[in-house]
Amino acid sequence: MTTIMMQTLNKVYHGGVYALNNVDLTIPPGMFGLLGPNGAGKTTLMRILAGIVRPTSGTIRIGEYDGGTERGRTAVKRMLGYLPQDFGVYPDLNAREFLDYIAILKGLRDRTLRHKRIEALLEIVSLTQVANRKLKTYSGGMKRRVGIAQALLNDPALLIVDEPTAGLDPEERIRFRNLLSELGGNRTVLLSTHIVEDIAQTCQRLAVLKDGHLIFQGTTIDAMREAQGKVWIITTSGYKPEGNFTVVATLHMGTTAQYRVVGDPSPEAAAVPAEPTLEDTYVWLMREQLTPGRASIS
Amino acid sequence: MAFERFRYELRIVGKWVLLIPLLGMGCFALLAAILTMLQVDHLRIAQVLTASLEMILPLVAGLLVATVVSHDAAIELQLTLSSKYRFTALLRIGLIAGWMAYVALFSSVFIYHLKYWRIPAQLSTWHVLPQFLVGQLTWIAPLLWFVAAGFCLALLIRSRSASGAILGGIWIVEAIFYGYFALIAWLKPFFLFPATLAPGIDFWLPNRLGLLGTALAFMVTGWLLLYNAAALLQGVSGEE
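Sequence lines, in order, name chains P and L.
Under my numbering, think of the first position of the first sequence as 1, with each following residue one higher.
Under my numbering, think of the first position of the second sequence as 1001, with each following residue one higher.
Isolated chain P (complex conformation):
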């Protein structure tokens, strides 16, 4: 089981743009969620962990390896399974051939063992029946499943999946979440997404990134405590309430409308407190001004 530790990690792109700004993060074994809006720095963090991109400064330790050295990065790549956000495939290969090719690149030398592993993974991702079809004929969900299968070829101790459910229909999304949860039982799985529901359903621990800053890390329960007393239900006769809050849900019920809001409604709004969900918490964290102390919550 692999623990990842990052200290004062920075990634600065051309023009002084900070993709990551002094990130201190510890990722324990099991499922771990990385949440944040588009442009928060999630993909950069994933790419640094996968050894594709080098950090500008800071230290990173993945299990026993130093992610700051070439030797460390190469060692990490051997124990890594990675599903990129933009998972491209070679369209003229079928699933079996694609997996065989990636397995060869991952150094699985024994042909018999390799083929056995591929068949087992095709079974896990329910693609055995269509494994001889060219990948260009696959739907988005099927390609994602091929992506998960290739990530698992080397039985990785560390599995990184970047926006795995983006663009999937609800059924595929649930299937994918269940699969990831199963995989998280005996390895470190880092799930990056901007879909809060995916984290809520699969991860006990999470981190939230915003504009390259780590604004929260801890358990989902800790996260929801953050928004305690900040979530309200306001019922009106149809007009939209105004105040220092964000409306997260609206329910029209004939002559009245019910608004679920996160923030500080005015006293005259007759707001009723509600139990925060992870989505409410996420909205609250995104609303909050960045404070240095928040990043140390764990």
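Since the hints were made in silico from the structure, they are not lab data.
Be aware that one or more of the hints could be misleading.
[Claimed, not checked] Chain P regions said to be covered by chain L (calculated; three or more residues, Cβ under 8 Å):
id	region
1	73-85
2	91-97
3	107-117
4	171-182
[What the hints assert, rightly or not] Listed below are the simulated BS3-like cross-link pairs for lysine-lysine, each with C-alpha atoms no more than 30 Å apart in a straight line:
id	chain 1	residue 1	chain 2	residue 2
5	L	1015	P	116
6	L	1115	P	134
7	P	210	P	240
8	L	1084	P	143
9	L	1084	P	116
10	L	1115	P	136
11	L	1188	P	143
Just so it is clear, CB atoms sit at the ideal spot from N, CA and C, and this is done for glycine as well.
Let chain P serve as the given structure and place chain L on it in line with the hints.
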């Protein structure tokens, strides 16, 4: 495993990479046959066939390399594998260049045997075997030059069409203004097609070696560019 890897790389590069040079040389053979039937001057037919090896195949190789290098559908995944992507890219380039070289060598044997080879003046007094062997530099030098230039351009520009346009532009300039390349001292090392356009030049051999040197410099530059993962990921979606 090496054979399986090779087979997959071939599939990924595409069948057309194998077919295009074969079809191209087939067309030139057909054209030469028609010109012979029409009793066109022997020198003209020799020029056409030499051009197929010296001018056409190298340009096609450069364009194919630029196409393959500028886009890899699974580039982000490739960069996370313990097997280095730069070796994969080099293998693909080697595959294209190797196949082109095989087709060119095979064709050159026939062209030479049928006496349609435009032998550079510097080699005209040589014995048959060294003349044939060194004469292969007629196509080897521009082939490697275009392959290396295509490789380098594709990595610098990250665009198949822009790289192709630049290679095509160089080819046209060389074909139209070859006289300048034959006469101006500093342009002589960049004269790509002397056997077809000016076989009488007295600097053919140094020119070939110069082109090979330039090709090597391009290859080294391309190799170093392959270390820049951020540039390779250009065009792949993902936040910064």
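Hint check results:
1. Taking a C-beta to C-beta cut-off of 8 Å, the region 73-85 of chain P contributes 7 residues in contact with chain L, enough for the three needed, and the coverage statement holds.
2. Here's how the region 91-97 of chain P fares: 4 of its residues keep a CB closer than 8 Å to some CB of chain L, so the rule of at least three is met and the hint holds.
3. Taking a C-beta to C-beta cut-off of 8 Å, the region 107-117 of chain P contributes 3 residues in contact with chain L, enough for the three needed, and the coverage statement holds.
4. Counting residues of the region 171-182 of chain P whose CB lies closer than 8 Å to any CB of chain L gives 0, which falls below the minimum of 3, so the coverage claim is violated.
5. Of the pairs offered as hints, the one joining residue 1015(L) and residue 116(P) holds, with about 29 Å between alpha carbons and a cut-off of 30 Å not exceeded.
6. The hinted pair formed by residue 1115(L) and residue 134(P) fails the criterion: a straight-line CA distance of about 47 Å is larger than 30 Å.
7. About 28 Å separates the Cα atoms of residue 210(P) and residue 240(P), which keeps this hinted pair within 30 Å; it holds.
8. Of the pairs offered as hints, the one joining residue 1084(L) and residue 143(P) holds, with about 24 Å between alpha carbons and a cut-off of 30 Å not exceeded.
9. Proposed proximity of residue 1084(L) and residue 116(P) is supported: the alpha carbons are some 25 Å apart, at most 30 Å.
10. Restraint check for residue 1115(L) and residue 136(P): the C-alpha separation of about 48 Å exceeds 30 Å, so the hint is violated.
11. For the given pair, residue 1188(L) sits about 52 Å from residue 143(P) by alpha-carbon distance, which is inconsistent with the 30 Å threshold.
When each numbered hint is compared with the structure, violations occur for hints 4, 6, 10 and 11.
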